[in-house]
Amino acid sequence: MSKIMLLLSLVLLGAGCTSTGRVSATGESSSMAVLSGQPGDVVVLIFGSPDCPISNALAPEYERLYEHTADRGGRFCLVHARPDVTADVAKQHAKAYKLSMPIILDPDHDLVDALDATVTPEAVVLVFDENGKWKKRYQGQINDLYASLGNRRNHATQFWLRDAIDVSFDGGEVELAYRKPIGCYIERRR
Amino acid sequence: MFLAVGTPEEAAGPTWHGEIAAIVATHCGSCHRDDGPAPFTLQRYEDVAGRANFIEAVVRERLMPPWLPGSAGLPIRDHRGLPEDDIKAITDWVRAGKPIGTAGAEPATVKATAGAAPDLRLAMPEPWIMPAEGGENWGRRQRDKRTFVLPMNNAEALKVTALAYASEAPQAVHAVTFLADATGTARYTDDREVGPGHYMTGDVRDRPTGVMGGVGVGMRSLALPPGFHWEVEPWSEAVMEVHYRPTGREQHLRESLDLWFTDDPASRPVRTMVSMVRQVSVDAEETQRVHDTYTLPVDVDIIGFTPRATGVITSMNLNATWPDGASRVLLDIPDYDPHWRQAYLLEAPVRLPAGTRIGGSWVLENTLDNARNPFVPLERYVTGRRTGAVAILLHGAAADAAEDAQLRRWHSDLMMARQRPR
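Line by line, the protein sequences give chains A and B. FYI, in my numbering the residues of the first sequence are 1 to 190. FYI, in my numbering the residues of the second sequence are 1 to 422.
Note that these hints are calculated values from the structure, not bench results. Note that the Cβ used here is the ideal one computed from N, Cα and C, for glycine as well. Just so you know, not all the hints are guaranteed correct.
To be verified - Incomplete in silico selection of chain B near chain A, CB under 10 Å: (1) 51; (2) 250; (3) 354.
Unchecked claim - Covered by chain A, according to a simulated footprint, are these stretches of chain B (three or more residues, beta-carbon under 8 Å): (4) 57 to 64; (5) 121 to 134; (6) 316 to 328; (7) 374 to 387.
Just chain A, with the same shape it has in the complex (with noise of 0.2 Å):
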């Protein structure tokens, strides 16, 4: 990405997924931020919960898919589902898990109605297009830890969503765009 092109985009989104280790302030216009981009840009959503088990035993994978979308130069953002999550304890957690990517809180679901994220953790990896609209390259489940709802392997052995990142950059389309992701359910507001 041009140097120009950054500049306009940390200016574009503000908030929104582009500022290292720091949590978002609440509200909409921020947590919408996430979804306006340039032509091109690749964008990494994790749907987590700081007391969902399955998605915490996947911190360090976050950790490692957000220093590799960085180096790719795209952004990786942590969205947290529940809507009692605070700033907060969106650090707390952040630091507990040695979490270092920007994180948003959705406190009235707009991200989640918006992508139709059911569970966390479930990542969706965006693209934009030539009218800087988004497009979903890939939704769903990040790795294969976690057979089923109460199975769980040793370590994971597929790596999902980091096949899709990689794919999204090389500007092909994913093979299985959506698998169903297995987690703590989202409880939907509206």
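Given chain A, work out where chain B should sit, using these hints.
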């Protein structure tokens, strides 16, 4: 036309204050409490309403509350399970929009019962640091276990009647099995690894860990029925094989074990009889059933069981056939999950006469349909262990204390015979 008289709330189904709070307090509160073994507290209306659809799904699919034994076996103490009516009440409540209802009496909250102070407390002097993530170890074994060895410094033999385990990371530690070792073997193994504990199993020669039972997620203490004890030889070390599930961050494990003793001369020592298959070999994609039988040499009062198996095993059971040919299921685990295993104590001891044949059977599913198969991608599953690649430990005491020595000798011979290739 007249409408039925009644407030909308009466007409509607269950409410939080009416039914749901009590169901949750009784069936979920023991684990889903502050500092408990489960991830979030389920106590207040907001706790439950804020994840009501999730809760409805896990109770409907019978994932919660967790409980492995089926109903075919002998009645087990502290049995868990949610009655059909309660599941329906939760479903109806969620569908009706989680009505709160009118507050009545405060729901009973589960409080830890304060018992007598322990006679001995063993604690790790320094913590072991549990990794943030699980992984594969050599030989594709499950890595997520660690054995700790704690000296008991007992100059005399001890009669243990109860034990209680406490974890510094209760949400990470699920199953822990116990053994007392006076041979120095566990200490020797432990000393060969740097830092607290060691990776090897807690078995000592042909004695499996679990000889002194084991605790699980919702049950961190074991109290033997009156008149029974576990025998601990002088200068023993307590061996604890700890199975953990990493939580996504490094955590300290500084575990402790409380013990209670008796000096009642009439108390009988509990012996552990092992149903096991020493070696298994299951091809990729293969499902196999394996069996084992032995015959009791003397009358035995059985008090409980400790199952031992990995996630390749999907079901197991233990049967007894009386000398007169009558038979019954002692323990039935139709859908085995190593994550929820623990020792099971019977509601009351059951006498099995000399000549009773004990049969153990296990189903191994080395397939991808078995969602708990830890060994993915599939390959041939071959494993062997002196204490059994799969096992169910049966805890009991000779009905006549004078026959205890005979029971022990018979069992030691049985274990020796099993070391010979078949």
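These are the hints, each one checked on the structure:
The beta carbon of residue 51 of chain B comes within 6 Å of a beta carbon in chain A, closer than 10 Å, and the hint placing it at the interface holds. The beta carbon of residue 250 of chain B is positioned within 10 Å of a beta carbon in chain A (closest approach about 9 Å), and the interface hint is therefore held. Hint on residue 354 of chain B is violated. Least Cβ distance to chain A is approximately 42 Å, over the 10 Å limit. For the stretch 57 to 64 of chain B, the stated coverage by chain A holds: 4 residues have a C-beta nearer than 8 Å to a C-beta of that chain, and at least 3 were required.
Coverage of the stretch 121 to 134 of chain B by chain A holds in this model, with 3 residues showing a Cβ closer than 8 Å to a Cβ of that chain against a need of three. Closer than 8 Å: that is the beta-carbon criterion, and the stretch 316 to 328 of chain B has 0 residues meeting it against chain A, so the requirement of 3 is violated. Counting residues of the stretch 374 to 387 of chain B whose C-beta sits closer than 8 Å to any C-beta of chain A gives 3, which meets the bar of three, so the coverage hint holds.
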